Structure formats: structure tokens, C-alpha cells
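Each chain is listed here by its residues.
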Amino acid sequence: MAKGIEVSINEKSFVFDALKQGIRLDGRKLEDFRNVDITLGDEYGYVDVRLGKTRVVARISAEISTPFEDRPFEGLFTVSTEISPMASAMFENQRQSDDELLISRAIEKAVRRSGALDLESLCIIAGSKCWSIRADVHFLDYDGGFIDASCIAVMTGLQHFRKNDITVSGEQIVIHSVEEREPVELSVLHVPICVTFAFFNPEGVEENIKGESNNEIYIVDTTLEEDLLKDGVLTVAVNKNREVCQISKAGGLPMDALTLMDCGRKAYDIAVELTNQIKKLLEADYKRRNEGIQYKLRAENDRITVE
Amino acid sequence: MSIQADTSILNRVDGSATLKSGETEIIVSVSGPIEAKPRQELPTTSALDIIIRPDIGISTTREKLLEDKLRQVLTPVIIGILYPRQLIQITIQVLQSGEDKEYTSKELSTIINATYLALIDSNIGLKVSFAAESFAISTDDEIITAPSRSQLKSSKSSHIVSYEISNGKATKLLFSDSIGTFSENQIYQILDLAATKVEETHQIFRKTIQDKIEKDFIWQL
Amino acid sequence: MSRFEIYSPEGLRVDGRRWNELRRFECRINTHPDSSDGSSYVEQGNSKVICIVNGPMEPSSKAEMSTSKATLKISLNVTPFSSIDRKKRSKNERRIQEIVTSLKRTFEQSIIVNKYPRTTISITLHVLALDGGLLSSITNAITLALIDAGIAMYDYISSVSAGFYNNTPLLDLNQLEESDVSFLTIGVVGKSEKLALLLLENKIPLDQLESVLAIAIAGGHRIRDLMDKEVRRHGDLRLSKLANK
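Chains as they are written, first to last, in this note's numbering: chain A, 1 to 307; chain B, 1001 to 1221; chain C, 2001 to 2245.
Hints in this document: simulated from the structure, not taken from any laboratory. It should be emphasised that the depicted structure is a prediction, and the values quoted were computed from it without experimental measurement. Backbone N, C-alpha and C fix where the C-beta goes; we use that ideal spot for every residue, glycine too. Hints may be right or wrong, so weigh each one.
[What the hints assert, rightly or not] Some chain B residues flagged as far from chain A (calculated, every beta-carbon gap over 10 Å):
id, residue
1, S1031
2, E1041
3, D1049
4, I1051
5, D1055
6, K1069
7, L1095
8, N1123
9, N1167
[Stated by the list, open to error] Dumping the calculated BS3-like pairs for lysine-lysine here, alpha-carbon to alpha-carbon at most 27 Å:
id, chain 1, residue 1, chain 2, residue 2
10, B, K1156, A, K163
11, A, K287, A, K29
12, A, K210, C, K2191
[What the hints assert, rightly or not] Which bits of chain A does chain B cover? Going by a derived footprint, with three or more residues having C-beta under 8 Å, they are:
id, region
13, 50-59
14, 103-115
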């Protein structure tokens, strides 16, 4: 297999002509998101996400560490996104390409900077001890949509993860094992979902800049082939509360502002659907885990959650 | 102990395999022979690029050491002369390590086994089959095959043994690595035990490969 | 919340502007005529940026040469004395790298790159003072410097930031506002409503996005006019020199 993947001119015009007629090679409509297949592992915080042929595994882990000096009341949260040649030979080991940089920045901004994880709840003793939560994203197979898939994986992982319960007495911290005490979940404030749009310009560059036609095509959730042919890309991270957490259109084909607004609304619809899917999955997993004796022995009362 | 193996699971590489043995789960991809960078190029044989990535955290010296040990296992087995000046890139992703960071025996034995399957899947020429097994000696001098996380933690020593296998029989010792205190007698016991265990494991792999070939050649049926 | 009042009930911001007012925007082109092919200096409020363009020229290595188009090389230097905390920013910082990549991809579309095959256009940026609007001021500086270098472009890319605070969109934020207000930065193509660049890093309600975008685009057009004025002023000066010869 070659290092870079090149798409021939014939393939390119084939894909373009199909797009102009509103058809995509895998039979999806232009605005369809691929089916997301999420599998939760036996261990807490192990999530395997498949988006078409793309496959991403996220591992969430926690350890106790010291907070930053300028933020004594906050815990630490790191997202590690390094792409190995396993995903595709176009990614080199330990050398970050521009695309890789944009992928990791997009995830970082969507998940970390939007405050999806409540960092203050991770504080144990102000200024000296805090939880450090780590999300390792492993990219196993690549067919486009890395940002979207890894965002889903990390957010599902954070909600699925349980950290060991602790007791604090003065400066002493006791970490209780899972057998001893029910582990506690992380406080996830909202669930941002990334949706990536790709833009194609069926006409010349001049028409795009000067013309009034606005014939540019946008499609949701590209496969690798579409991804290599695209003229521009837009990633929107949005949560169920209609808050846009991150938008990144780093250059590429200039697009009309109204089209971009349309993309935002489409992204919201997709995000709501995915958030519900994740929620259902987590509930099913919770039920499965708490079947039998442990469920009855729980000290905590059943709370009624009001939506 | 349960072993679950599957091959040809990834799309963008030439060969891939996932192996779950007990608590440890590994996924391996092989790309090759591909073009090597000029500085990697070896004029008479193929260059091996081995990347091991941990399940949690970034790769450290621990992973580098594992890479080096795996290289020792693979170099005599791969027919490098078939692919001069070319590169065989092996990427190993640990999905669940199943042991604490200070141990490597379960991880390494699973990695060796998974790499074997991935190499077969990628059709890279191999001189001989191979398989590995991990062992531990408990405090009451009992030899445990494929120890669990807790057994490993309470053990006196941990061992990895890998044999070459031809015609279903373990023939030559390929790799052996031990950490901890143990007697000469015990290591010989382990080596003997390993030969039979590795043969058993090999039978499971043969089945996996048979399934894979049946799947690959379904168009001929 | 900080001690400052971001937007007072009287409708005034920290620096006395109304919601839809730009900061003082001043620009010069051809500031370094001897050391570069194109140069510009942009002041957007208290942010000051120098941009130097060299090229199109022979690429330094074969590897970065493209047979079909010009390659852009951008280096961004945020000086340690540009902000109050005097932090040394490495060029390899991921945020800086992201800005550089975004700029590269923006200008690859607006420069007519296929006119200059087998060449490199190198853009060097120095941020002398930073008071918010890092991305927007450097984008404007690059546009001007490229025009000064005589490199063919489809249109101006004018860039400005806009935020959203307490149900009011705010145009062109300074550093103080940036730290408290969620904001986006856009790059508008010429007088159109097309966006080459759109970056948002904090939370904005989806339904308010349109109003923020609208004032940002209006602000972008205003900046385009100001840049155009400077380009024409410089052009007239050049012409008059030619006529006097």
C-alpha cells in the first residue's frame, strides 16, 4: 500500500458528477450521517466506536495528581490523540501532519475547552491533590470522520467511566477499591457532539468568489475518498442545549454565511439524535451491570430524574 | 483460559489481527512490504518498523523495551531476504493490558501471538510458525500458566517463553525472558511446560487461520 | 466574572465603544520596501502586526515544490513583549500551529496559486502588540502585504472577531473582552457574504449565531473598505511618482 493515497482524475470526476445529482458512492444522501455503532467494554471507560469503516477506541483513566499552581481548585483533564500508522499509512508515527493537528485541536476544543467535564469536581484537596482524568483515543481504522468518531468515543467514555471512591481525612486520602465501595461517576456537564461537513465546488473558483449562484455542495460525514477530494471542511460541535461549543472552518472553499448557518442547524439535529443514542446505550449498560444482588444492596436510593 | 482471535479486521493495512487472551486484548496491523525511508533501508533484507502503543498514556521506555524484545523474536522468523530494501511496518495497539505497568509478561506473550496472526494475514513470508505463553511462579512455588492480574501481582517471578513450531511440534526455543527469583530447576520445568502449552495455542491459531482462508476463498466455493 | 463591566446598561463597552463599533483600524502598506517584495503594518486597536511577504521565488527544497501551484509558507512570531504576561510563545505551540495551518488553507484559496507553479510564497508575521483579535489582525496584514507584493488574488480577505454577551452581539473584541466573552473570528471574501475562515472556540447559543455572524460580516466589509482606501492611497502615490519622472 502506498504512503499517500491518491485519487485519480477519473474517480474525482465520477464522485463530483454523482454529488451534483445528490448521490454518494455508499448510497447515502448528502446529509446522512453514517450509522454509529458504539460498544462499551467490561472495564469502565472503554468505548469502541465504529462509524462505517472508521474505528476508534477511547480509554478513560484516572489517577491522583497535583493541580496546576494557578488553578488550585481544578482537576486535570488531558485528551491524547496520536494517530498511528495502523489507521492508515498516510499517518506517520510520531510526526504530526497538518490534518492530524487540526483533528486533535478540534477534539481538544470541543471536549476540553467547552467544559464538558466539570474540572472543579475533580479537586480533592485544594492546591495539593486532585484527580487527573485522561482520555486516550486510539485510531484503529480510517475511513474519514475521525473528529466525529473520537468526539463520540470520548464523550461516551466520560459518561461511562467510574472512578474509585475516596475518603479524605486531613491530608490523608484513602482510595477504596471497586469491591469495597461503589465507584463514582464523573460529573459531565454537557455532551458536545462534533459533526463535520465537507464542501465541494462543482464550478470554477471564479464562480465561487464572484458569482451569485451559491452552487457549492455540502455533505455530512465524509468517507476517506470524499475527504481527499473535498475543497473545504467545517466542523461544528454542538450540544443538546442548542449551544455551539466550537466551529472550525480553517480556510478552504469560501462558503456563504447562510449555508454555514444551515450546517449548524443540521449539526444540531444530528447531535440530538446521537446524544439520545448514547444515553440509551449507557442506561442499558447500567442496567446490565446492576442486575442481581448488587443492585438490591445499593445504599443509594433510586432518585427520580426529571428531564 | 479463553483465547479469542480474529484476522483481517482493518481496512487500510495489509494484515491485521486482534487477540484477546484472558484479560489482555491486543490489536496488530502489518503494512508491508512498503517503501522504506532511505535511512531505514537495508540492502539485503527487509527493515522492520515496530511500534507498540500502550492502552493508557503515551509510549515510554517500557514500550521501547517491548518493541526491542519483539524485534528479537521476529527478525529470525521473517524471511527478510524476500523483501530487500523494503519496510515491514508492524503497529501494535494494546487495547487492554490486563496487568500492572511494572509487568510486561502477559502483554508481550499476547503481542507475539497476535503479531504471528497478523503476519500470516498480511502474507509476509515466514520461515516457521511461532507462539508464546506467559507464566508466573507463585510464592508457594507453583507454576501458573497465563496468570491473572492478581496472580501476577503476588508472584515471585514472571516468565515469557516462545517456541518455533513446525508440524505442530515445538522445536526450537525462540525467546525466553524471566524476571524475579527462581531456581534453575523451575526454569527448566517452565520450558518443558511451555512447549506443550504453546502447541495447544498453536492448534487454536491453526483453526483461526483455517477459518480465515475459508473466508478469503469463499468465491472459489 | 471580572470587575469590569463588559457591557453597561447604557450600552457602552469597557473602552467606551458601542456594540457595533470597530476599534481604530489603521494600516500601511509597503512599509519595508527594501527588505521584502510586499509588506504591511496593521493596527487594530492596540494590536500591532507587521507582515513581510517574499516571493513568488524558487523553493528552498525540491520537496516543497508543487508543479501545479505555488506553495505558501507562513511563519508566525508572537513576540514575548506583545502581551502583559510576557510569556515566551514557541512557534511549535499547537494553538499557533493551528492558526498557521488555517491561514495557509485560507490564502491558498484566495491567491491565484496556479499562476505561480514551482514557486514558494513566504509570509512572515511579527505580532508586536497583542490586545485581542490575533487571528483577525494577522489575516488583514497578510491580505495587505500580498497586495503590496503584487501577487494575484481573487479578492480581499478581511477578518474581524465578534462576540456574544448578555444577548448583545459585540464587534471586534479587545483582550479584556476576549477573556470574558465567547467569540468567533471570521474571514470575509471581498464584499460578498462568503466566509473563507470561521473559528469559534467557546460556547455561543445556536440561535444567536446568525446575529453574531451578521455584525461580523458587516464589520469585515468595513475593514475591507479601510484596507482598500490604504491600497488606493498608496497606488496614487506610486502613480504620481511615475508621472513626475
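Taking the earlier hints as the rules, which of them does this structure contradict?
Failing hints, ascending: 1, 3, 4, 5, 7, 10, 11 and 14.
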